[in-house]
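Asker: Using the sequences plus the hints, can you model the full thing?
This is what each chain is made of:
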Amino acid sequence: MQKIKKRSLKWIFWLLVLAAAVLGAAAFALSVGSAGIPFGKVFRILFEGQKGIERSIIWDIRMPRLLLGFAIGGALSLAGVILQGMFRNPLVEPYTLGISGGAAVGVSLNILFGLHRIGVLTMPFSGFLGACLVILLLYGLNMKRRVLSLQGLLLTGVMINFIASSLIMLILALSRRESLQGIIFWIMGSLDEPNAFLTRLALGASVLFLVATYFFHSDLNALALGEEEALHLGVPVERTKRLLFLITSLLIGVSVAVSGMIGFVGLVVPHFMKKMVGCDHRILLAASFLAGGAFLVFCDTLARTVIAPMELPVGVITGILGGSLFVFVLMRDNGEGR
Amino acid sequence: MVLQVFCLPLKAEEGGQTPLPQKGALSQRIVSLSPVLTEELFLLGVGDSVVGRTRYCTKPAETDKIEVVGNLTEINVEKIVSLRPDLVLVIPLTDPRAKQKLRSLGIRVEEFPEAADFRGICDSFLRLAGMVHKEKAAADLIEKAKREVSRIRQETGSRQPPAVFIEVGADPLVTMVKGSYFHDLIEFSGGVNIAAEAVHQLYSREKVLAKDPDIIIIVSMGFDGEEEKRIWQGYPGLKAVRQGKIILVDSDLFCAPTPVSFVHALQGVEKILHAEN
Numbered sequence: 001m002q003k004i005k006k007r008s009l010k011w012i013f014w015l016l017v018l019a020a021a022v023l024g025a026a027a028f029a030l031s032v033g034s035a036g037i038p039f040g041k042v043f044r045i046l047f048e049g050q051k052g053i054e055r056s057i058i059w060d061i062r063m064p065r066l067l068l069g070f071a072i073g074g075a076l077s078l079a080g081v082i083l084q085g086m087f088r089n090p091l092v093e094p095y096t097l098g099i100s101g102g103a104a105v106g107v108s109l110n111i112l113f114g115l116h117r118i119g120v121l122t123m124p125f126s127g128f129l130g131a132c133l134v135i136l137l138l139y140g141l142n143m144k145r146r147v148l149s150l151q152g153l154l155l156t157g158v159m160i161n162f163i164a165s166s167l168i169m170l171i172l173a174l175s176r177r178e179s180l181q182g183i184i185f186w187i188m189g190s191l192d193e194p195n196a197f198l199t200r201l202a203l204g205a206s207v208l209f210l211v212a213t214y215f216f217h218s219d220l221n222a223l224a225l226g227e228e229e230a231l232h233l234g235v236p237v238e239r240t241k242r243l244l245f246l247i248t249s250l251l252i253g254v255s256v257a258v259s260g261m262i263g264f265v266g267l268v269v270p271h272f273m274k275k276m277v278g279c280d281h282r283i284l285l286a287a288s289f290l291a292g293g294a295f296l297v298f299c300d301t302l303a304r305t306v307i308a309p310m311e312l313p314v315g316v317i318t319g320i321l322g323g324s325l326f327v328f329v330l331m332r333d334n335g336e337g338r
Numbered sequence: 001m002v003l004q005v006f007c008l009p010l011k012a013e014e015g016g017q018t019p020l021p022q023k024g025a026l027s028q029r030i031v032s033l034s035p036v037l038t039e040e041l042f043l044l045g046v047g048d049s050v051v052g053r054t055r056y057c058t059k060p061a062e063t064d065k066i067e068v069v070g071n072l073t074e075i076n077v078e079k080i081v082s083l084r085p086d087l088v089l090v091i092p093l094t095d096p097r098a099k100q101k102l103r104s105l106g107i108r109v110e111e112f113p114e115a116a117d118f119r120g121i122c123d124s125f126l127r128l129a130g131m132v133h134k135e136k137a138a139a140d141l142i143e144k145a146k147r148e149v150s151r152i153r154q155e156t157g158s159r160q161p162p163a164v165f166i167e168v169g170a171d172p173l174v175t176m177v178k179g180s181y182f183h184d185l186i187e188f189s190g191g192v193n194i195a196a197e198a199v200h201q202l203y204s205r206e207k208v209l210a211k212d213p214d215i216i217i218i219v220s221m222g223f224d225g226e227e228e229k230r231i232w233q234g235y236p237g238l239k240a241v242r243q244g245k246i247i248l249v250d251s252d253l254f255c256a257p258t259p260v261s262f263v264h265a266l267q268g269v270e271k272i273l274h275a276e277n
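Just so you know, the protein sequences line up as chains A and B, in that order.
Numbering-wise (the working numbering), the first sequence opens with residue 1 and increments by one.
Numbering-wise (the working numbering), the second sequence opens with residue 1 and increments by one.
Hints listed in this document are in silico derivations from the structure and should not be mistaken for laboratory results.
Positions of the beta carbon are idealized from the N, C-alpha and C atoms, including for glycine.
Among these hints, one or two may not hold up.
Unchecked claim - The following label-pair restraints were derived from C-beta to C-beta distances: (1) A:A173 / B:K178: 17 to 25 Å; (2) B:K178 / A:V207: 55 to 63 Å; (3) B:Y56 / A:F113: 24 to 32 Å; (4) B:G179 / A:L46: 18 to 26 Å; (5) B:K178 / A:M169: 28 to 36 Å.
Stated by the list, open to error - Coverage of chain A stretches by chain B, computed from C-beta distances (three or more under 8 Å per stretch; other residues unrestricted): (6) 154-163; (7) 186-195; (8) 227-239; (9) 304-310.
Answerer: So, in structure tokens, the structure goes:
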């Protein structure tokens, strides 16, 4: 009893810390930028209804970007946690399964054939279509006698990624200079999404899927012991695997279709959270979601301010910051272990 | 006002035909995301309505007082909005998301495709002039440029046309085909572009050897021109090598397609092509 109480307190503590991190990152994101609006004024503008250019900068430019960063960071981290738990493999991340590759091919083809001139929404749509095709392919190839082979999923996923990157190279070789630029922009990933509908969609989907994954928290804990053990514990293993695969695929599909490929968040954040809050999925899911959101918002703000008025691709910051931080923590832990 | 004063010597140099900017037409606040368009706005005498530029908009020198809002591809939307422009000039290379975002915020965004040849340069210049109500100034500048072009064409028309290979990229070898202003520069100054009829800008060394041009012009844009020159000199069978006609030119001569700089470039190419004739 004592133990359970202590654990609950620890979890509440972490949730509060992470919520504070999200708020901190949000305040940072809202208050810095090349327009140089003073810190105090930002909050006056936020809560008062005055019209003007500064209000437009905060509400129409910084806020959507903040929300999208939170949604995508959360979604990718959540997908990372689930995949690492399901595959029991610390190297699996949202982009391992080839879903992002499918989305990238979809968008590249769209740009190559100039379909994006029909409407702005065709871009994320073709990305999502590519992602869905890969999901179906993965599912179809690895579903044998009503059993979803995780090993096979991983291998075919990696292969599909290779094929996709070759296809993208082919498309790049065939395209004109303007298209080239568009494809490279998209592949680099960006949270600067002009379409409010897409931002809302990403935010809604990621929160919805977070809630959905909570129906599987104990199954995920059991799966962490191994498929057979989980089966003995009474977990409907096949159904759980299938549903989790679908949930994560859709999460990845939506994220990649809306914001392109933003690396590292889905790999590094889950690892960090496991170190901090432990491996119990009851807390790990929410913690990773919040931490991923805060991390990406923070990185994106850095990306648009370090060399202002120019902007860095956000993946540069997530890669350098996340990667080096992770190696540092890993080395420190190894040192302690000795 | 300060900029206007600085503009004067520039215009005097152009021949003094540009009328002074009228007060009423200067109401616009323009952000230009293309070095060419920025230069053209100054040519039109409305340089002081440019409130934002890219890092590469460095011509004329007055541009250094204008705020930088990005490089060619990555631009800072927040910075642009904070400058309160009523017109943003973009190119196909500009980040599509940024263009869309600016449009959704109710800012007029006009895209200028890269002008392919001399005619394209003039059309684009006229279109830009229409946006800042400087049609007359533009027409005058174009008229002057066209006169100079036809003068050079007439002068060089009677001479023996040298065959020219123009190299704008090494490894892979890239040239310029018909429909580009590089091609126009060569043909207008009485040369023959050996790659005129090629389908693609990628060209093979083998073909250059087969066509054996009289002159090879290397426009070094991001590659080592001297090294390329040495490579060509390794083929002593080439006419251009025997006659010492492998010529390195500064990319600045070629890389600003405004009607005025086109004429400058044309004069430069004319000198290269007919150096000894």
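Asker: Between the beta carbons of K178 of chain B and V207 of chain A, is the distance compatible with 55 to 63 Å?
Answerer: Since the Cβ atoms of K178 of chain B and V207 of chain A sit about 57 Å apart, the hinted range of 55 to 63 Å holds.
Asker: With respect to the beta-carbon atoms only, verify the hint that Y56 of chain B and F113 of chain A lie 24 to 32 Å apart.
Answerer: This hint holds: roughly 30 Å between Cβ atoms.
Asker: Between the segment 304-310 of chain A and chain B, see if three or more residues pass the 8 Å beta-carbon test, and mark the coverage as holds or violated.
Answerer: holds (count 4)
Asker: Quick one: are G179 of chain B and L46 of chain A within 18 to 26 Å, going by C-beta?
Answerer: 53 Å, violated
Asker: Falls inside 28 to 36 Å, the C-beta gap from K178 of chain B to M169 of chain A?
Answerer: 29 Å, holds
Asker: Does the segment 227-239 of chain A contain three or more residues whose Cβ lies closer than 8 Å to a Cβ of chain B?
Answerer: With 0 residues closer than 8 Å to chain B, the segment 227-239 of chain A misses the three-residue bar; violated.
Asker: Within the segment 186-195 of chain A, is the number of residues with a Cβ closer than 8 Å to a Cβ of chain B three or more?
Answerer: With 5 residues in contact (Cβ-Cβ under 8 Å with chain B), the coverage given for the segment 186-195 of chain A holds.
Asker: Holds or violated: 17 to 25 Å for the Cβ distance of A173 of chain A and K178 of chain B?
Answerer: Because 23 Å falls inside the window, the suggested range holds.
Asker: Apply the coverage criterion to the segment 154-163 of chain A and chain B: a residue qualifies when its Cβ sits closer than 8 Å to a Cβ of the chain, and three qualifying residues are needed.
Answerer: violated (count 0)
The structure shown violates the earlier hints numbered 4, 6 and 8.
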